[in-house]
Amino acid sequence: MSIEIKEKMVKDVSDKHNKEKSIYAPQVATIIKINTMTDTEKQFFIKLDDPIQRENFNFLPGQFIELTVFGIGEAPFSIPSSPSNKEYFELCVRKIGSVSNALHKMQVGDKVGIRGPFGNGYFPFDKMIGNNVVIIAGGLGMAPVRSLLLKILEDRSKYKGVTLIYGCVDPNNILYKDEIFELRKRDDIDVKLTVDRPDSTWKDSVGVCTSLIPQLEYLPEDTYIVVCGPPVMYKFVIVELNEKKYLPERVFLSLERRMECGVGKCNHCHIGNKLSCVDGPVFSLWEIMNLKEAI
Amino acid sequence: MLYKVLSKEKLGELVTNLLSNYEFYGPKKIDKVTHDFVLIENFSDIDLSYKKTTIPPSKKLLFPSYENLINYKLNKDNVEVLPNLESKKRILFGVAPWDINGMNFLDKIFSIDYLDNNYLMKRKNLIVIGFDVEPSDNNFAAAVNAEYTNKGFDLYITDLKDRYFIRVGSATGNFIINNFTTAVDAKLKDFEDYNRFLDVYRKKFKVKINLDKFYDSFEAVYSNNELWDKLAKNCFSCGSCNLVCPTCFCFNVKDELMLNLKEGIKKREWDSCMISDYGLVAGGHNFRPTNSNRLKQRYRCKLKTFAEKFESISCVGCGRCVDACLAKINIYEDVNTIKKEVGV
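Just so you know, the protein sequences line up as chains A and B, in that order. Position 66, counted from 1, in the first sequence is what our numbering calls 66; the numbers after and before it change by one each time, with no gaps. Position 172, counted from 1, in the second sequence is what our numbering calls 1172; the numbers after and before it change by one each time, with no gaps.
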């Protein structure tokens, strides 16, 4: 290899990674607490074993990690906890694939591997300062946006109106249920809930979360919108947001794909010329309008 | 770049010297119709008259189909993680220019954003010696400017019939020339002959395709499902095109536990964007469920995506995918079909 390239690479190394390291080597971490949230979701509290790594583990709302269950495999999970918590972070995991099923069988004290945080696209909580923020979450989509929600609530006075629209299949599937019902008591955040299949006690809206968008009263010029949910939800949410003339560069969507490596190498998560793992996972609607396969 | 001239009979001496100093891979005829890059023991084993190999040599050495990335040990109260970063000096001799360009593309992929040291450690220890290989029938490297390269090699040998014209691309290449042979500096006459050689060489590429206007045409036909279904009608989703491609780099990361249940590895293995579970995520949603979705995605990846990212497309025109396809899907004919659909 020619020397010129080599020199350049050494420079890159000092910027991003130690040249002796493999980007596929996970940090060892311990599960310190497990909460059962619903029939299919559990909340895991994870602490990195190495104190220096723990100190350096800075993430932004919307970023994700790759979690290894040693011997089983690796899968991407977004981080639903507040970025301010340095001691540990949380995961909200639905039992659905091989890694998540194995993780659900693990106990407090068990070791997992963590790589990350990954993703350059995040929910721009910094740009949102001084504006209204609407968070629209569908089902498990609550997990990635919870980090943003907590971050905003920590600095609540810096933002104008805050609205959370959260849609679920039925009341039993509401994630962070206690926390969300607690939020409803506050007068500085508007929480709108909706379910597809209500039970006899349900008093809120019935239907998909799209149906609550027309109720929004914020004006396009000082409003940021964040959307996260299953792929099918985006198409309908975007139609409603366009109807309300919200600006595409102020609407942010998290696009989950199959992020196998997390570091932009394996190519599984590409959407047009972008990679969800390094260019996203959060994209503005304007970016998405230029990516034909995104929605 | 330094330019040297080596007399014809000296090549054997150079190679023999290298053979005794390095692990040496070169092209060898392994049966009546097949050439492959294998470990070479004698100069006489090398056959530089090859036109193609099934698997690109750079991928064989740097990005093998199966590769151990890290090892780990599951101890009683902790886990030990040990990266598997191999670094052995190796020589890759007689690589075609399009394969060097393919390797340059992989170099970019594995060094952009994050440094993939599992690849780069091997790459840094690989000495590349290029050679102007005769193009095979389906080779269209000249149409995508991959029949020539000025980077990615340590030495590049051009056969000027009565002598070799050598381009020295790195300090390692210079070290080899100075220590293992006697070459002289190239003179004006040598450059003249070299340029004449290139003119003749470029005419040997018979496949003509013009990628001009393809970039926008692709967008115009993007939603034309009828066209894509027609192009992908015969595709078996076998992934042969991906396996032989010098610039295909998709892979899966997998964990494997040893039988003692105390040690494990994280490995990568090639994946293929043509296989149906490529876009499948947990929960059963498939982002690219049909053959035509996947073929469209492959063409975009080869002919468009990296024109935006790296300012040159990722296809190097080696024609391997055309040769390997059992359904006779032909990338350069399809480019023309797409352009014709848009009327350009």
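Think of the hints as simulated: they come from the structure by calculation, not from any bench. Accuracy of the hints is not assured; some may be wrong.
Here are some chain A residues pointing at chain B (derived, C-beta under 10 Å) [as the list claims (entries may be wrong)]:
#	residue
1	Thr68
2	Ser82
3	Ile271
The structure displayed is predicted, hence computed values, not measured ones. Ideal placement from N, C-alpha and C gives every residue a C-beta, glycine not left out.
Okay, which hints does this one fail, numbers in order? Violated hint: only 2; rest satisfied.
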